[in-house]
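Asks: Listed here are the chains, written in short residue letters.
2 protein chains.
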Amino acid sequence: MCRKTGRIRAFRLEKSNKNYHPYFDSDFAKWIEAACYSLATTPDKNLSKTVDRVVKLVVSAQRPNGYLNTYFTVKNPSYVFKDLREQHELYSAGHLMEAAVAHFYATGKRNFLEAMMRYADYISSVFGREKGKKRGYCGHPEIELALVKLYRASGERRFLELSSYFVNERGRKPYYFDVEASKRGEDPAAYEWWTKNGYPEMQAHKPVREQKEAGGHAVRAVYLYSGMADVAEETGDKALFGACRRLFDDIINTKMYVTGGIGAVKKGEAFSTAYDLPNETAYAETCAAIGLVNFAHRMLRKELDSKYSDCIERALYNGVLSGVSRNGRLFFYDNPLASSGKHHRKEWYDCSCCPPNIARLFASLGGYIYSTKGSAVAVHLYLGSEANLELGGTAVSISQKTGYPWGNRVLISVSPEVPARFTVKLRYPGWCGKLSVKVNGKNIKGTAKRGYLGIERLWSAGDKLSIVFDMPARIVYSDPRVRQNVGRAALMKGPLVYCFEEVDNRAPVESLLLQVNNKFRVIHKAGLLGGVDILKAKGFLVNSGRQKQLYSGEAPKLEARVLTAIPYFAWDNRKAGSMAVWLRVKS
Amino acid sequence: MCRKTGRIRAFRLEKSNKNYHPYFDSDFAKWIEAACYSLATTPDKNLSKTVDRVVKLVVSAQRPNGYLNTYFTVKNPSYVFKDLREQHELYSAGHLMEAAVAHFYATGKRNFLEAMMRYADYISSVFGREKGKKRGYCGHPEIELALVKLYRASGERRFLELSSYFVNERGRKPYYFDVEASKRGEDPAAYEWWTKNGYPEMQAHKPVREQKEAGGHAVRAVYLYSGMADVAEETGDKALFGACRRLFDDIINTKMYVTGGIGAVKKGEAFSTAYDLPNETAYAETCAAIGLVNFAHRMLRKELDSKYSDCIERALYNGVLSGVSRNGRLFFYDNPLASSGKHHRKEWYDCSCCPPNIARLFASLGGYIYSTKGSAVAVHLYLGSEANLELGGTAVSISQKTGYPWGNRVLISVSPEVPARFTVKLRYPGWCGKLSVKVNGKNIKGTAKRGYLGIERLWSAGDKLSIVFDMPARIVYSDPRVRQNVGRAALMKGPLVYCFEEVDNRAPVESLLLQVNNKFRVIHKAGLLGGVDILKAKGFLVNSGRQKQLYSGEAPKLEARVLTAIPYFAWDNRKAGSMAVWLRVKS
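Chains as they are written, first to last, in the numbering used here: chain A, 554 to 1140; chain B, 554 to 1140.
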């Protein structure tokens, strides 16, 4: 894809450029962030030069007072920070900060980081509880988590405090969005721009720690919750962390698709009520699934529990990965779980938040595999990889070799520089009925605690940890309160959700029934969709035959059929047709 | 209900009135039409005076040239007939004409009728193929059928010819809506106002006799098809009638809900593609079901076939009747076949076409019971009623006594003034497996022809015809190409479609399963909803119990339950809750 959208050129601040937009800077910032993650693991001279050049360009657009937003600088300088509800300025600032931090970690260069510290200081001079400052916060959360990253990279606690202010100010009365509207001479009642519930949409209806249910715009929600979790971790604020835990549990127990997608409704790109998870009209924005990964990842830092890492894995292999086509050039904005055949990935979107979000997540995937705490390392994801960690003062190399998620074996080499006593905590995936673990060929017994199996011993260079997962294709049901899935089931294998596409089944998938008592065959197809396991299952085709009347007393005839399922992430990469994750069952 | 909307006052043509609207005249016209139908069967002095008064008021608003539209006369006289696509002027004219014809038949007074003849003549001076005339037709069909009524009432063939012109001009190239837009200085490409398929939406995409599939805005469609059928009947145009038959068959075979509702999608209030009949989001506008009744009724005049009268009955008892609440004060605009509990009737709509449409249909219901041709009378509907007909020169009184659709017996008294030989053709309902017919106690055998059982004999005053229908509650399936209903079934009894409401079943209805092999119990509940038969059926509740995880391998538990169904038309008259016509089945 090579399409000029003016997003990079915008930083030249030319008046002739027609493509300025309040939040376009954020898309480019995410690209820089992704490029920096890539440089950190895969050095590339050309990319490195390009990054240097564009970082200079970005920094050059900063105003002397620290402010940086190409749209407002060029098009509407007198409107700066006058409409936080709509204008995404702090959101864009947050993405620039995330990019700067990534750039600093990848290159060691401080130019972008320091520019963003100046920007944060400028923001701090404008917003806060002190007299003379605006008590505002952004209509689209993002800066909260970015400021914590800036704090961690710079060591400057004032950025954590600014983040903490944004988190805690949100939702208080009088509503800031009302106050600023009145200042603009507008009627605050016109605020409910989006839906009748504009405030909850923007996470501005009540103070965050009073929130009991996930709601509103899903991306805004999980970005905010991520920032909340960051602040809670850094400040030790238990009440705030409790709110995060409550919101996380509410999502995974009542509002998450089996793919890890969230935000069921298109209107407002929002969460619906509990257990309302429509399939064909599922919004499940790619960015929201990514935001959920980020939120879960932050929860996991604070609290080792496989419910978080299971959620990360679920979203990564399904609702996030589905966001991009096999050739990497086409993107879903929304990721429905059923289609009549008309939903397809596109090259680009006017609001193109998702594509660069996928890029930065995949480029930073390595950061999701492990976490360490004291003399323990937790293995969250099973992924072929090499890592160098430090455990209680000892440098430890860890490498994984695995064909996961197709293969069910993982070989982990654990090599401390000198023999050392530490714990390796293996995630026991929620989807896995049984796993066996060996260290240097010897069986390990143990009970998982909150989904992690700890192996504490004296580790020496070259120790081999091998895991075999019980990973058959299996049938999955929804809690029947999900009315859309009553009488339906889905197939999974390991972390992968499967789906039925018309192209494999030669029939509209809504006329297929899955037999409940079934032996699912797993067949690896090296030549299909880049190499995937497909599933074969017994089922039925509801045959319309030569039915004459639209309605009759004759029960439709069932014709035995072998059904074929492919991984959900890989759908819509072949001939267009209907698709369903949840198939009707015949008991 | 007593709400002032300015629709009557508009005819005073006061500039101070703020409530003018291009098609508001049509709503009041439908009210007058309904009142006149009522006067025709149920004389009422007060109503009669009111009608006289308002008819005078309406006629007083007519301009000297014959034109009558309060909005354009007062608000925008220079725009008259400049935007047929949007402005509904000819549509409103058509409704005024229908009202005038009803007024003439009910009262014998010609003032309204003649005013409307002048209006039609004015329209004829503006539109037509002759040089200097506009080759236009209305964006919303209606005048076509109205002009045929005007022709029948006045005997003036020029009105039939004008109708014929409107029917046949429609959809020709260059598209009139393009031509008039250019004349207004607008870009014809901006025409696709409504959807990307603005032309099909307005039945303006191709000449009517080339149409093979029902499509576009459902009300516009069936109003047009009704006019086409009228013109075909009066002119003997076989090709045109063939198009009508094709379109009718397409509707009932692929695009009609089991309730007789049509127009599946809200966007454009339009037909969807064949077999796409979503339940919860069904639009199925009340006016569209009424329009379908009108269309079927016209087809039946030309061609005695019970597919037409079955369709009329289906719509009347289900998709039309659901449009009004039990107390007659609340109305559905759209009539979905499933609800999560949030869909309710309202007192009024800004666009209030449906309520007066229901009124005029119910007030003229008597006209749908019989039709005569030569020395035969066909009985289309089984309804307690009395009628005076003329068969081959003999006056015949017919009365029906029946508890239908609750009871399954109909007693018809046939009383010619003198004994006469003629045929009584009884509709053999499509839903009925078996019926028995007796004349004066003696069994009649015979084979129905196109759904009508003819009894030719010498009838004498007081002859008794008794019919007993086999009318058990029965299970109904959709053609499985209706993907939304695969794995589901509905219950019917006689012409009535049933539904399951949460209030009777104490559970969200989407968690109920209907047992296929079932004995349905019919219980008459005199005190319920004005007296209805309810159905009891064996089924199951899918129990969420204390399920911990949103997704798991545990199949939901089924708990045996006796399910209760009520007639669909009566839903949403009690406590709000979920509703479904098509219930999941357990085989």
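Treat the hints loosely; a few may be bogus.
The list cannot tell twin chains apart, which means a pair is met if one copy fits it or any two copies do.
Quick list of in silico lysine-lysine cross-link-like pairs, DSSO-like style, CA-CA up to 30 Å [what the hints assert, rightly or not]:
1. K860 to K895
2. K1101 to K860
3. K1101 to K726
4. K819 to K1101
5. K602 to K571
Bear in mind the hints are in silico, worked out from the structure with no lab data behind them.
Asks: Look at each hint and say if it fits the structure.
Replies: Hints versus structure:
no. : hint          : in the structure
1   : K860 to K895  : neither (34 Å within a copy, 34 Å between copies)
2   : K1101 to K860 : between (52 Å within a copy, 13 Å between copies)
3   : K1101 to K726 : neither (63 Å within a copy, 37 Å between copies)
4   : K819 to K1101 : between (37 Å within a copy, 28 Å between copies)
5   : K602 to K571  : within (27 Å within a copy, 67 Å between copies)
The structure fails to meet hints 1 and 3 from the earlier list, while all remaining hints are met.
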